[in-house]
Amino acid sequence: EPEVTQTPSHQVTQMGQEVILRCVPISNHLYFYWYRQILGQKVEFLVSFYNNEISEKSEIFDDQFSVERPDGSNFTLKIRSTKLEDSAMYFCASTASTDTQYFGPGTRLTVL
Amino acid sequence: GESVGLHLPTLSVQEGDNSIINCAYSNSASDYFIWYKQESGKGPQFIIDIRSNMDKRQGQRVTVLLNKTVKHLSLQIAATQPGDSAVYFCAEKEGGGATNKLIFGTGTLLAVQP
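Same order as they appear, the protein sequences are chains A and B. Under my numbering, the first residue of the first sequence is numbered 38, with each subsequent residue one higher. Under my numbering, the first residue of the second sequence is numbered 69, with each subsequent residue one higher.
It should be emphasised that the hints constitute simulated quantities derived from the structure, not laboratory data. Ideal placement from N, C-alpha and C gives every residue a C-beta, glycine not left out. Hints may contain errors.
Output of the computed footprint for chain A on chain B, the stretches with three or more beta carbons under 8 Å from beta carbons of chain A [stated by the list, open to error]:
1. 94 to 105
2. 110 to 120
3. 163 to 175
Let the hints inform the model, and build the full structure from the sequences given.
So, in C-alpha cells, the structure goes:
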C-alpha cells in the first residue's frame, strides 16, 4: 500500500539555524499539506500546496516558513531561522482529491 | 473561532468490549469529517470518514455516526483489541471548496485493558 514518507525522523538544530524537512507524497496525489503537532497538543494546519503553489496557509506559516516541490516526488518545508517554539512533530500529508488526507510518520524537530 | 473538541480525554475499556469515542464540532459549515488513529511516535492513520449528507457509515469493526442537529460525531469500535490502543482524533473540513485544511480535535486516548 502506498505511503507518505518523511525524512529525517528526528532533527535536532540550534536556534537560528535553517532546517529542511522532506516528504515524499503518494505518487499520484496532487494536493500536499504540512501540519504540526506540539507535544501534547492537537494537530495544526500549516499550509496546503497544489499546482506548484501555496493554496492556503495558516497564521503559523509566517515568512520564516516556505514550501517547495523541487522535483516530481519531493515536497519540502523549510524553516529559515528556527525558534524554540518551532519544536514539534511536523507531518506531511497528501491526497488525490480534496478529501481524505494521508499522513506521513512525521519528523520530530527539536530546537535547542 | 470555531473548533472541534472531544468530550473525554481518556477512555479505558476491557478487551472485547465496544468503545465509543465522541467528538463535538461547532462549525456548521463543515461537510466532511474524518477519524484518525495515532499510535505513539507515528502519524495520524486514516480510519473512516463521513460526509454531511450521511448520518452513519460502517467500516471493518468501526462505525461513524454523525448527528448534524447537535453537531456531534462518534466513533464506535466493536470488539476492542489491545492493538486499538492509541489516541483518536476527529477532524473536520469546511464545505464549499474554499478550504481543504483539516481542523483537528484535541484527541482521546483509548486504553484497552487485556
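Okay, the hints, checked on the actual structure:
no.: 1; hint: 94 to 105; in the structure: holds (count 3)
no.: 2; hint: 110 to 120; in the structure: holds (count 6)
no.: 3; hint: 163 to 175; in the structure: holds (count 10)
In this structure, none of the earlier numbered hints is contradicted; all agree with it.
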